[in-house]
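Visitor: Protein chains in written order, with my numbering: chain D, 1 to 367; chain E, 1 to 367; chain R, 1 to 367; chain V, 1 to 367.
Read the hints as simulated data drawn from the structure, not as lab findings. Just so you know, not all the hints are guaranteed correct.
Stated by the list, open to error - Computed from the model, here is a short list of chain V residues facing chain R with C-beta under 7 Å: (1) 22; (2) 107; (3) 161; (4) 178; (5) 222; (6) 228; (7) 246; (8) 263; (9) 265; (10) 303; (11) 319.
Remember, it's a predicted structure, so these values are computed and weren't measured experimentally. Here a beta-carbon is modelled for each residue, glycine too, at the ideal position from N, C-alpha and C.
There are 4 protein chains.
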Amino acid sequence: MAGSTFGTIFKITTWGESHGKALGVIIDGCPAGLSLCEEDIQVYLDRRKPGQSSISTPRKESDQVEILSGVFEGRTTGTPISLLIRNTSQKSSDYSEIASYYRPGHADYTFDAKYGFRDYTGGGRSSARETAGRVAAGAIALKLLKELGITVTAYTRSIGPVSADLEHFDRNAIYSTATCMPDSDADSRATAYLKECMMKKDSSGGVIECITTGLPAGIGDPVFEKLDANLAKAIMSIGAVKAVEIGDGIQVSTAVGSENNDTFYYDDGSVSKRTNHAGGILGGISDGSELILRAHIKPTPSIFSPQETINKNGENITVEIKGRHDPVIVPRAVVVVEAMTALTLLDACMLNMTARVDYMKEFYHNV
Amino acid sequence: MAGSTFGTIFKITTWGESHGKALGVIIDGCPAGLSLCEEDIQVYLDRRKPGQSSISTPRKESDQVEILSGVFEGRTTGTPISLLIRNTSQKSSDYSEIASYYRPGHADYTFDAKYGFRDYTGGGRSSARETAGRVAAGAIALKLLKELGITVTAYTRSIGPVSADLEHFDRNAIYSTATCMPDSDADSRATAYLKECMMKKDSSGGVIECITTGLPAGIGDPVFEKLDANLAKAIMSIGAVKAVEIGDGIQVSTAVGSENNDTFYYDDGSVSKRTNHAGGILGGISDGSELILRAHIKPTPSIFSPQETINKNGENITVEIKGRHDPVIVPRAVVVVEAMTALTLLDACMLNMTARVDYMKEFYHNV
Amino acid sequence: MAGSTFGTIFKITTWGESHGKALGVIIDGCPAGLSLCEEDIQVYLDRRKPGQSSISTPRKESDQVEILSGVFEGRTTGTPISLLIRNTSQKSSDYSEIASYYRPGHADYTFDAKYGFRDYTGGGRSSARETAGRVAAGAIALKLLKELGITVTAYTRSIGPVSADLEHFDRNAIYSTATCMPDSDADSRATAYLKECMMKKDSSGGVIECITTGLPAGIGDPVFEKLDANLAKAIMSIGAVKAVEIGDGIQVSTAVGSENNDTFYYDDGSVSKRTNHAGGILGGISDGSELILRAHIKPTPSIFSPQETINKNGENITVEIKGRHDPVIVPRAVVVVEAMTALTLLDACMLNMTARVDYMKEFYHNV
Amino acid sequence: MAGSTFGTIFKITTWGESHGKALGVIIDGCPAGLSLCEEDIQVYLDRRKPGQSSISTPRKESDQVEILSGVFEGRTTGTPISLLIRNTSQKSSDYSEIASYYRPGHADYTFDAKYGFRDYTGGGRSSARETAGRVAAGAIALKLLKELGITVTAYTRSIGPVSADLEHFDRNAIYSTATCMPDSDADSRATAYLKECMMKKDSSGGVIECITTGLPAGIGDPVFEKLDANLAKAIMSIGAVKAVEIGDGIQVSTAVGSENNDTFYYDDGSVSKRTNHAGGILGGISDGSELILRAHIKPTPSIFSPQETINKNGENITVEIKGRHDPVIVPRAVVVVEAMTALTLLDACMLNMTARVDYMKEFYHNV
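Put together the whole structure using the sequences plus the hints.
Guide: Structure below.
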């Protein structure tokens, strides 16, 4: 089935395999008139690319983006924006061996079960490289949201047992540390933990948190298109995510109502809340507070210690995965979470513009 | 925006407010030839209805379903099935007071922010009564899945601090206990805890778990339409859910790869896994194991102790919510989780039928 | 498959069989704040109902509409509007005979081929009664368009060989004549022709034309969601329509460019066209002129003269259709064309509100 | 809005401007296992490209297609297929002049009205070059349909006053004549007519007909997703199409029922029809007969004689369009009609596979 399209009005379609000729994304439904150049997108892709630190695979992927359509004289035209990233660092030979067996924790077996065969080079379509297209599209969504006064910021909340201390939140650290934590001290401890994992030929999971500020109240829809429902889908669609939390998340199940309810009050005439257990969403609609979500990411399934598994000949075998793999997925997925959040919010903001007859009347009486 | 439709092929549209004339659901895309009568649906609605125990609101909602279309001589015809539930127990007067203020933890404020006004009687469209339509549609999905050998079972995993002990899983207890726990002993302790909450004019959260057996490998799609992504959306779209976990869920973030990877092996010729940390999904596609998910439900926001909030006149006020409210949402939401899971899985099973050219050739050469 | 939903933002879902308990429609995505009562809808349903003239079936269908949800204190709330029409005049016995054979020109055979069986009473889901839901939803779209200054008017352009003379266009005649022609003289001649058809136990086709005024330039989208493409789908989805024309329609194929191009000019500062061969659409986007379309409707397939056909036992047979059938479909379909046009245009107007970044900035800086 | 995606399961997204860097299409939802190479697609693109005859623009567009993803070892993998066509023959200077004014019969004015500005080079996104992506995707749909025994053939039915004589239908002539008529004699007369048009600095319209054989009964859905409704949208979405007919099309409006009804009979045990006025569709569902449709194409709006129009400075002006333009759109649009028909039918065939519970049971009991 067609599973590579996301969004209702601001609609993106990603394509491409890890080791194919190229990968990319089509953004359809981007409003006309947004100033846009390749550099606007490249800065986000650069945050995703590997080979940037001692805790990242030394594999190089330049991920250079090219705008092929939808931008004229520096501005979006309202027609589809096609973004292309040529693959340059594929070594298909690294993967010839895995054609015959199913790596634990990977999608090898399920792809074969579904399609009868698979592009096994570098994980094919199930590779994390697929997210390059999401990040490129997300860069545009983030730019447009900024024009509306909305800022989306994701960062590493924890890696294995090491959590960032948000009391000393340091925004710059997100972009300068290898772990993308907003806390240099936690970054050091997490890096030490990851090196330990690497020595043990093992890998680590972690948590990404994402905060959105400036989102007005009223965004999102009741019932199936709740803002949190669409965010949950967006985030869970990122490979390796196994849980999504909104606001207090899992803690609500052990809380009592008198604690968990957020008290409304008027703060100099405007509606405010004394706490934000809800994470900025009530009944699927934004309440004007910070929007808070978290993604729990599993440890990299490609580990270098021997593992039991099966091959296509019906044999139980033991394998040792080779190649170049990150000991943790989290830091490179931070910008993906940011991108998916932005795409979801922008689409909801667009849909919200027709929520009232008065909005339509004002618009069409002014056209 | 249109937010009341769910699904791609097996598509449902719910409608109706808590205290309106009626509510219901249209199921479009149900295959022809399924034996169906009102009783098939009623049994599920009866699991959702209130007033059934000491820990439930004494409010009565008979929730009697009527099939208005799409069934002819006892079988579905392939055309839309319209299900109607007349509202009978509305006491709009109970709610007249809340028209003027915003209840903490409810969607009152966000609805007004979005639409400019709201149907405030009984929560209007944001009431949990909306889920009656989902359950009615889910009953049909569950019946169809059963024909394919797929069984979906949800139950209460925990209420506040009290967890069911799955070592002594008792399926019957799900349907006979007030808490819908598969463990009578835990049910007793949870009931005691809830009574304590009620005495304190407070409420409790909890966790619902859902297990699917018989789902073949290969269901779901890569990228945005991952099976877990669609399940996350489906479950998060249920009011009061604040976190969704698949398989080990939040535990993966502190796990290491060597533990978290599930080992494949051949079990008498067929593919099996020694563990199921993944919860039955790899790369967004089912792997043939049990599918496991959990929903974290917040405490009922309607509590009877005094709460600070705001009214529409710009005043900070203190309110005491009246009416008939459950001290915990969890037990009545169990069947809703079951329904949403079934709807998601059935749709994915339908979409999967065109995954291979060979499937199409076999189908059309036999027509 | 789910085929009963139409629209992207203003989304309607119809349901119901000709001789079932009821039929209806859900309108989801209607903006909040539209004043709406049952009478607003009833006037449109009354234009569709049979039994109103000597050239219409004497079959009575009261088609009384009931609003079940989505309206509170006389205004739409932004949530789904459920409209119900109870069936009252079903005589299933009239149809028991046709269960066994396939009426020429009807969907009996194709429904059986698709679904394996069918609800044969009154044509089931393929009955023209299905359009009652469209008309009810269309009434709301028409009311909302009117608030935006847009008026949609359909009428009978011709019946068999008799065409209305648009030089003497009489708007009142559309609503007062049995043929819905805007020309009383043509109405008389068409009525005479239809009576002749009835005497011969035969039926007639005809043409419906629909004119929209007040539609601003810029509505509709390039490529697949062209305004004319969506109108063509909307109109062709009405049973019995076999051709759809926009503007000059079929005449363009024998025209030359110098005639067919419409000349732009400034008329007191605003853009105008000297002719309107294009029917108000260029490149799939409205150009600010009148929008013109035509639907060609086939003769009623239910005729009373003997016809050869087949039954389900593999036999070639001769049948004589009984029951109460209109000698022409056109007059009752006029309001359906109006409804489908309005639904398409309103949805396009809603989608257009996000066409430019500036629109979004203005909206969100004012919220 | 996002208007560049077509299809529900077999979903295509086109992108690219006439004079941008490249254009292309993503095909998402193509079943796995279809043998596919670039040459399979190139043959269809070659039918669309200009510069092939005396009645076509001498403009050269090589339209060389490159497969960037979704194919592995010569077979489709089930993941998105990205097809790229680099633009090579753009002479943007030809168009610099038209930036300031609105060409009659083109989308220049409507694009500006919608988006505030436009890519004016070569018509930008509203250029017929956009259809290259449709043809490339259609090539894949046509190949897959062939595997199911379904053949789609489009040809020029008429150009201006000259019609092909179908009594002497010559399939080869479609591919060998400059007009794509299945009748060499008519081709000669049409060519003469077109040369006359060119001498007069004028252009001609025409009709394309498309016949599908091998389509089983039961394809398509009742109500809004009728097969003819989706075909009407598909065909009307091709620029320059102003009318779409199914079967007898416009002739039904002057026919009587006794002529227009097609008689069913058993032909050696299988269902057949003595006539095919319906064009193979009854109630929106295929009846097993040949599927017949026609598209009426307007004359090329770019003519070389002087035309009155307006510029962006508010002035009425006279312009003479320069550049390289075909005197008739029809021959190059033939393969586009074939492509859009194939895309629509394939999607409907895929959706049909879940029409009955028995189909699902058979499929899942065999997986």
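Visitor: Now tell me, hint by hint, if it's right for this structure.
Guide: Cross-check of the supplied hints:
no.	hint	verdict
1	22	violated, 16 Å
2	107	holds, 2 Å
3	161	holds, 6 Å
4	178	violated, 18 Å
5	222	holds, 5 Å
6	228	holds, 5 Å
7	246	holds, 5 Å
8	263	holds, 5 Å
9	265	holds, 5 Å
10	303	holds, 4 Å
11	319	violated, 10 Å
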